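K.L.:
Residues per chain, in single letters:
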Amino acid sequence: MKLHEFDSKKIFAQYGVPVPKGKIAKTPKEAGEIAKKLGGAVVVKAQVLVGGRGKAGGVKVVKTAKQAQDAAKQILGMDIKGLPVRKVLIDPAIGIASEIYLGITNDRAARQPVMIASAAGGVDIEEVAATNPEKIIRVHVNPLLGLQDYNIRDLAVGIELDRNHWAAFHTICKGLWEAYKNSDATLAEINPLVITKDNELLAIDGKMLIDDNAIFRQPKLAKLRDMDEETPAETQARKSGLTYIQLDGEIGCMVNGAGLAMATMDIIKLFGGEPANFLDIGGGANAEKVAAALRIILQDKNVKAVLFNIFGGITRGDEVAKGILAALKTIKTDVPMVVRLAGTNAAEGRALLADANMITAETLAEAAQKAVQAAKGR
Amino acid sequence: MKLHEFDSKKIFAQYGVPVPKGKIAKTPKEAGEIAKKLGGAVVVKAQVLVGGRGKAGGVKVVKTAKQAQDAAKQILGMDIKGLPVRKVLIDPAIGIASEIYLGITNDRAARQPVMIASAAGGVDIEEVAATNPEKIIRVHVNPLLGLQDYNIRDLAVGIELDRNHWAAFHTICKGLWEAYKNSDATLAEINPLVITKDNELLAIDGKMLIDDNAIFRQPKLAKLRDMDEETPAETQARKSGLTYIQLDGEIGCMVNGAGLAMATMDIIKLFGGEPANFLDIGGGANAEKVAAALRIILQDKNVKAVLFNIFGGITRGDEVAKGILAALKTIKTDVPMVVRLAGTNAAEGRALLADANMITAETLAEAAQKAVQAAKGR
Amino acid sequence: MGILADKNTRVVVQGITGNEGLFHSQRMLEYGTQVVGGVRPGKGGEWVLDGKVPVFDSVKVAVDATGADCSMIIVPLAAAADAMLEAADAGVRLIVCLTEGIPLQDMMRVRAYLDSKGVLLIGPNCPGLLTPGQTKIGFIPGDNAIPGNIGVVSRSGTLTYEVLYALKQVGMGSSTTVGIGGDPVKGLNFIDILQMFEEDPLTDKVVMIGEIGGSDEEKAAEYISKHMTKPVVGFIAGRAAPPGKRMGHAGAIVEGSAGGAEDKIAALTKAGVRVADYPEQIPDMLK
Amino acid sequence: MGILADKNTRVVVQGITGNEGLFHSQRMLEYGTQVVGGVRPGKGGEWVLDGKVPVFDSVKVAVDATGADCSMIIVPLAAAADAMLEAADAGVRLIVCLTEGIPLQDMMRVRAYLDSKGVLLIGPNCPGLLTPGQTKIGFIPGDNAIPGNIGVVSRSGTLTYEVLYALKQVGMGSSTTVGIGGDPVKGLNFIDILQMFEEDPLTDKVVMIGEIGGSDEEKAAEYISKHMTKPVVGFIAGRAAPPGKRMGHAGAIVEGSAGGAEDKIAALTKAGVRVADYPEQIPDMLK
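Protein chains in written order, with the numbering used here: chain A, 1 to 378; chain B, 1 to 378; chain C, 1 to 287; chain D, 1 to 287.
Simulated from the structure, these hints should not be mistaken for lab results.
There is no bait here: all hints are sound.
With a cut-off of at most 20 Å between alpha-carbon atoms, the simulated PhoX-like pairs for lysine-lysine come out as follows:
#, chain 1, residue 1, chain 2, residue 2
1, A, 63, A, 37
2, A, 207, A, 220
3, A, 37, A, 21
4, B, 181, A, 174
5, C, 287, C, 168
6, A, 135, D, 60
7, B, 73, B, 23
8, C, 60, B, 135
9, B, 181, A, 181
10, B, 26, B, 60
11, D, 287, D, 205
12, C, 287, C, 230
13, A, 21, A, 207
14, C, 117, D, 117
15, A, 181, B, 174
16, A, 73, A, 36
17, D, 205, D, 226
18, B, 2, B, 223
Simulated DEER-style distance windows between Cβ atoms:
#, chain 1, residue 1, chain 2, residue 2, range
19, A, 146, D, 26, 35 to 43 Å
20, A, 146, B, 162, 34 to 42 Å
21, B, 215, D, 52, 34 to 42 Å
22, A, 288, C, 17, 22 to 30 Å
23, B, 232, D, 204, 46 to 54 Å
24, B, 140, A, 197, 52 to 60 Å
25, D, 149, A, 138, 43 to 51 Å
26, B, 288, D, 1, 40 to 48 Å
27, A, 138, B, 16, 35 to 43 Å
28, A, 109, C, 204, 29 to 37 Å
29, B, 356, D, 49, 30 to 38 Å
30, C, 149, A, 50, 47 to 55 Å
Since the model is a prediction, treat every value here as computed from it, not as a measurement.
All C-beta atoms, glycine included, are put in the ideal place defined by N, C-alpha and C.
Chain A on its own, in the form it takes in the complex (with noise of 0.2 Å):
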């Protein structure tokens, strides 16, 4: 799960992170009169759950409050990367110095968090790394000490940071670190860290992604998700616990198992079919999640064919067929349906599907090849 900025920044101050002393406006006359109580410049920045909204002009530096309010009406009206802008972020600009990166995400490979710095922060900084790999510092965090003062000594010196600045720099990689563990981050950043031109540091702009598994336990991060991230009927999924992706094809998917929905996108594809979702109804799923998997496939208008592959382990053949049919007595459908049922309770599925009009299949390849022909023929 992504956080706004403003989210993140609150999240990093509360753990003793200096941040701008800005606020979220929803209309352009909030905005004015937030940058007129900041008083002098004030930079006006979208809050949207995808980067680059710079260069995509949602991000504006004014000198006035009406200034203030004009940019936050520009800004409030834009759609970045198909994404509405629906607040904006009032900060009072700050006059810089330099700017460093600081993050910390986890190295799944090293199975341990990892610190990066860097002096040429600002920028992109994928792109630095990809081009000067030479100028990101990378520290490890063994997940049973955290985060120790050795760490971070090796982050300030590896950016060659000014040894003024230190105590600074500790406080605020403190700080990210008991954020990012305390909310469950998978990512916690802030780009720029700023040196300003007082020479103090400041957390100028803020990320913070939280891991999806963890919400259970984060009940005031859960609260601010933003739904403009999925589409309704992933957010739908989401509430029924399936994990659904909408795609382009016309064939829907439905799968138990994340590993063997992709390999069934991937057999429709090799057999001249496009998938049109990703469907993953889990293990052990009982027939009224199936049901609910199956309503929202069937709201796609572009599907023209549905595939079900069940491999019954955890999941029994029977519920799910039992789901189909529940699904289908609330819809009307002529959509065609390929149902290739396997493993625990199999037969006993089949059995009840046998009457509903579907086509069946032995295997995996012939379920697709069935299912491509199916869209074609309509």
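Place chains B, C and D on chain A using the hints.
P.N.:
Only chains B, C and D this time, still in chain A's reference frame:
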């Protein structure tokens, strides 16, 4: 450093451990007022940093505010094992169904914290450990992991705690652990943790020992130090960075290093004397520290001879000699002094002391014998 | 005897009294697995599964009483990290954790601790392991597989069943099948299992099933080209997945240019692995 | 060659730019110790001790640049735990920590981490080690000791000097002298060092200096009676200490009936150790 019952329970409460709503009184009148506010029966408990106050009459259960005032009057006048009672704690009296012992301490041999519980709480836990060791449940906590839920379950299962109390016990164990960890405690103990007649868990008595080595980072706890714990000379020594313990003998000792200081005491005894103190001036002591140490030794009127045994490593013989001379300028004394200097800059030190009318010795054995003679000669 | 477990492996099941715990423990017993005990704090002393399996209050008590050397974990999400640590402290040699959805930071701590204790972990979020004809520890449907000389290692649960089923159709069997799970931080990984298969006298050929995300398959390819003499057939799920989208498994994120299906297939092919287009092709490629 | 260090041991000094760091590093250089670098964050690039020793910003950089295999720590109290962890991560084989007063909870965490990395620790709160004629790492005055065949292990700093001095008076020398420090949680303990002496071809006899508090001496006695063939002479400080009083060292607390001097002396005597009444008796008892 020992904390009083009241301070310990206050800290426990900060971490979510339920404790009685009592208050501290320094006068009988205050005690009466507190009892009145609490209403009903109360228990009046002497706050002293020694065990066995109950047997000494330092704890009384009374039914009225008037009786509480009377009890406080009695207890506030007491002297328990040499320590004056200056405060009493007035807690509401609790209807007790059963008593549990719960504590955390450091298992030095295992190099891990150990959490200890027993269903036989409320009495002398050391006696239980000696007579019914199977009633004491010990669970080690990995210092890199901290207290885990399964540690707590092992304790609950071990003392056969009714399952209805597991949730409350879990909260209390977690709280006690946090109190122990965040306070740098070497002991954090609830005895008894009672199950009340209302079927709730409540920490009736509490005790904490704080690691003296960690006081430097526990400024809030440092303020809770009770000076009654030390003799005035010991307090003076601590403030000068010396370790001094007053004993009953007649030969004052000043030594560098705890081991050598103990060996010096041993050899004095071996040759028929009695040490008047343990005094370690530590490593690298300077003249000022040595002077302070000598002043403390000579304050003890039992001292009939002083033995200096300095084996220079970090500590330099000339610095020690300068300290002795500085102290002797301000203190008029005719107590005979035996000096044995060896190691770093010993020759320089001996030269400085040449004119100071001191008895010198080459070896520790010789020095001890001469000190014993000198003390007897007075 | 399998690479990790056989008919003598003694298993305790943490979370045995839950619905899933009971269901799968029953199936394991039927398969012949020595389910010697279960753990459910507060229910110690009870018996489950028609009085066949004793329940203990802690893994330690269960291990002491039964001599178990393996723990299977099928507890609720919030209890899973604690369950793994408990099992490690109780002295089992092997932990198989089926529970899915464990937070990443928890797994980093758990794995670091297990490594320090030298305890092996399969999973979490995995179907477990199957030594056909001897023992199954986890979900893998036993009737899909027969004993044989093919080692199977997979990041995906149901894809594994698919492959075992396809093998069985043509009379081929597996020496050991390990579902290592799809989480980004887990226990034994491809390389660990491949090494065991290389050293296992009962394994002649290996099937490796990967998917998009991370770089474990690329590392496995490097390992195979350097150290493996036995033939390996591979399959990578996710060629049709669009970049940047999460496909259910936490690990299945195409991170920038790395972790894509084509890269993985290229790396494996370069290492001499024959890569199937779809799972049902695998039996033919093993002939 | 000593049991833990010899003239080839390459030492970095953490905290070299402090007063004590400079003073003792100078003495070590004079003794012949290879002080190949120092560490002081923020002062990397400087040189100290007449331009003989380079200063680095971190232990890792220092180890990479100098090939050091040992780190001596002489930093302020509040930085000491961090310094030990840093040294362990930087890949040294041996850490000698002289700093005293480290909180007990810190030491439990540090020791657990060092153990997981397989790094040896001497100290904290110790005088370090001396291999006479080859290297000294720490405080032990080098001119008090000559090379010889006696291994010395001690919980007490100045008592160690006393014993070495007494040995030297009669022409006896030490193979290696280790001051393990008096803290309750520390690195190498009596048993570890005794085992090294038992295996060391250059050590013929052993002196062990203990004190009241804890049960390390009792455990050492048990070890000696079971595993040691070389003669051991012992000394225990604290016979005159009254029970229940703290005598300076954190470990030197007489805990109930255990940890008293008489018990320790009895345990050692029973294990065949001859125990001296005072340190200056030791040379005679070694003859």
